[in-house]
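Those sequence lines, one after another, are chains A and B. Letter by letter, the first sequence follows residues 1 to 114 of the numbering used here. Letter by letter, the second sequence follows residues 1 to 113 of the numbering used here.
In case anyone wonders, no lab produced these hints; they're calculated from the structure. Incorrect hints may appear among the rest.
Below are the DMTMM-like pairs computed for lysine to aspartate or glutamate, each with C-alpha atoms no more than 20 angstroms apart in a straight line [said to hold, decoys possible]:
#1 B:Lys42 / A:Asp85
#2 B:Lys42 / B:Glu88
#3 A:Lys44 / A:Asp85
#4 A:Lys44 / A:Asp77
#5 A:Lys38 / A:Asp62
#6 A:Lys38 / A:Asp77
#7 B:Lys42 / B:Asp85
#8 A:Lys95 / B:Glu66
#9 B:Lys49 / B:Glu66
#10 B:Lys49 / B:Glu64
#11 B:Lys58 / B:Asp85
#12 A:Lys52 / A:Asp77
#13 A:Lys38 / B:Asp95
#14 B:Lys49 / B:Glu15
#15 A:Lys44 / A:Glu57
#16 A:Lys44 / B:Asp95
#17 A:Lys44 / B:Glu88
#18 A:Lys38 / B:Glu64
Pulled from the structure, derived: some chain A residues nowhere near chain B, Cβ distances all over 10 angstroms [as the list claims (entries may be wrong)]:
#19 Gln36
#20 Thr71
#21 Ser80
#22 Ser94
All C-beta atoms in this analysis are idealised placements derived from N, C-alpha and C, irrespective of residue type, glycine included.
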Amino acid sequence: DAMVIQNPRYQVTQFGKPVTLSCSQTLNHNVMYWYQQKSSQAPKLLFHYYDKDFNNEADTPDNFQSRRPNTSFCFLDIRSPGLGDAAMYLCATSKPPTGYTEAFFGQGTRLTVV
Amino acid sequence: AQSVTQLDSHVSVSEGTPVLLRCNYSSSYSPSLFWYVQHPNKGLQLLLKYTSAATLVKGINGFEAEFKKSETSFHLTKPSAHMSDAAEYFCVVSDITGNQFYFGTGTSLTVIP
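Taking the hints into account, I'd like the entire structure generated from these sequences.
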């Protein structure tokens, strides 16, 4: 089945040690998103790619970077994780421009910072 | 600008009784609206979506929602709650380009045996 796959499902990293989360999709969607979701909160958009065009949210910390080497893959790099970066990270895809296409979400990566 | 407001942060129902999760939206154009469900430590699963065809939208697992333009509402309902319905529910609106999705703050549904 076509889907959005995130690896790993659970990631433990040390304070200050760079970490990369990955997302792949078989839907051939133009847009890929990274969301951060803290406990009992709604997902917060960090950035998104429309094809190769990168769109950063204004309040996304510089500590968070992203790469999209091709249509299928997108990576989230956290350069120096702090305790406050512990969260669920969700990858999603969509295929505008109809405006009526939902976002498809992966299962998420739960990041723990120790 | 687009936004959604989920009127209840927590809803508790008994198993077998109806579920009502409320969502109001704000949009300057005819919106695209979605309901997602999230079980603990899982991603978001689409329950249903409104795409300006029928105002009463049927989704998975017996859920449905009615788009009411006059009330700017898109409430989620289910006739009979099941234990497996206990989860977090998000009402979402997309912008006119379909690129951006705006989330409500979520409603936590508890189902009492």
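For each hint, the structure was consulted:
Annotation: proposed proximity of lysine 42 of chain B to aspartate 85 of chain A holds, straight-line Cα distance about 18 angstroms (limit 20 angstroms). Simply put, lysine 42 of chain B and glutamate 88 of chain B have alpha-carbon atoms about 10 angstroms apart, close enough for the 20 angstroms limit, and the pair holds. Between lysine 44 of chain A and aspartate 85 of chain A, the direct Cα distance comes to roughly 12 angstroms. Compliance with the 20 angstroms bound is thereby established for this hinted pair. With a C-alpha separation of about 16 angstroms, the suggested pair lysine 44 of chain A and aspartate 77 of chain A falls inside the 20 angstroms cut-off, and the hint holds.
This hinted pair checks out: lysine 38 of chain A and aspartate 62 of chain A have alpha carbons roughly 18 angstroms apart, not beyond 20 angstroms. Our distance criterion of 20 angstroms between C-alpha atoms is met by lysine 38 of chain A and aspartate 77 of chain A, whose separation comes to about 18 angstroms. Distance hint between lysine 42 of chain B and aspartate 85 of chain B is fulfilled; the C-alpha atoms sit about 14 angstroms from each other, no more than 20 angstroms. With a C-alpha separation of about 25 angstroms, the suggested pair lysine 95 of chain A and glutamate 66 of chain B falls outside the 20 angstroms cut-off, and the hint is violated.
Pair hint lysine 49 of chain B plus glutamate 66 of chain B holds up; C-alpha atoms about 10 angstroms apart against a cutoff of 20 angstroms. Taken as a hint, the lysine 49 of chain B and glutamate 64 of chain B pair is honoured in the structure, with Cα atoms around 9 angstroms apart against an allowance of 20 angstroms. For the hint pairing lysine 58 of chain B with aspartate 85 of chain B, the CA-to-CA distance comes to about 16 angstroms; that is within 20 angstroms, so the pair holds. Distance restraint check for lysine 52 of chain A and aspartate 77 of chain A: the Cα-Cα separation of roughly 17 angstroms lies within the 20 angstroms cut-off, and the hinted pair is therefore satisfied.
Distance restraint check for lysine 38 of chain A and aspartate 95 of chain B: the Cα-Cα separation of roughly 24 angstroms exceeds the 20 angstroms cut-off, and the hinted pair is therefore not satisfied. For the hint linking lysine 49 of chain B to glutamate 15 of chain B, the alpha-carbon distance of about 25 angstroms lies beyond 20 angstroms, and the restraint is violated. Using a Cα cut-off of 20 angstroms, the hinted pair lysine 44 of chain A and glutamate 57 of chain A holds, with the two alpha carbons roughly 10 angstroms apart. Between lysine 44 of chain A and aspartate 95 of chain B, the direct Cα distance comes to roughly 16 angstroms. Compliance with the 20 angstroms bound is thereby established for this hinted pair.
At roughly 15 angstroms between alpha-carbon atoms, lysine 44 of chain A and glutamate 88 of chain B fall within 20 angstroms of each other, so this suggested pair holds. A C-alpha spacing of about 28 angstroms is found between lysine 38 of chain A and glutamate 64 of chain B, which places the hinted pair above 20 angstroms, so the restraint is violated. Distance check for glutamine 36 of chain A against chain B: the nearest CB is about 12 angstroms away, which clears 10 angstroms, and the non-interface claim stands. Remark: the non-interface label on threonine 71 of chain A is consistent with the geometry, its nearest Cβ contact in chain B lying 16 angstroms away (cut-off 10 angstroms).
For serine 80 of chain A, the shortest C-beta to C-beta distance to chain B comes to about 25 angstroms, beyond the 10 angstroms cut-off, and the non-interface label holds. Some Cβ of chain B comes within 10 angstroms of the Cβ of serine 94 of chain A; the nearest lies about 7 angstroms off, and the non-interface call is violated.
Hint violations for this structure: numbers 8, 13, 14, 18 and 22, all remaining hints satisfied.
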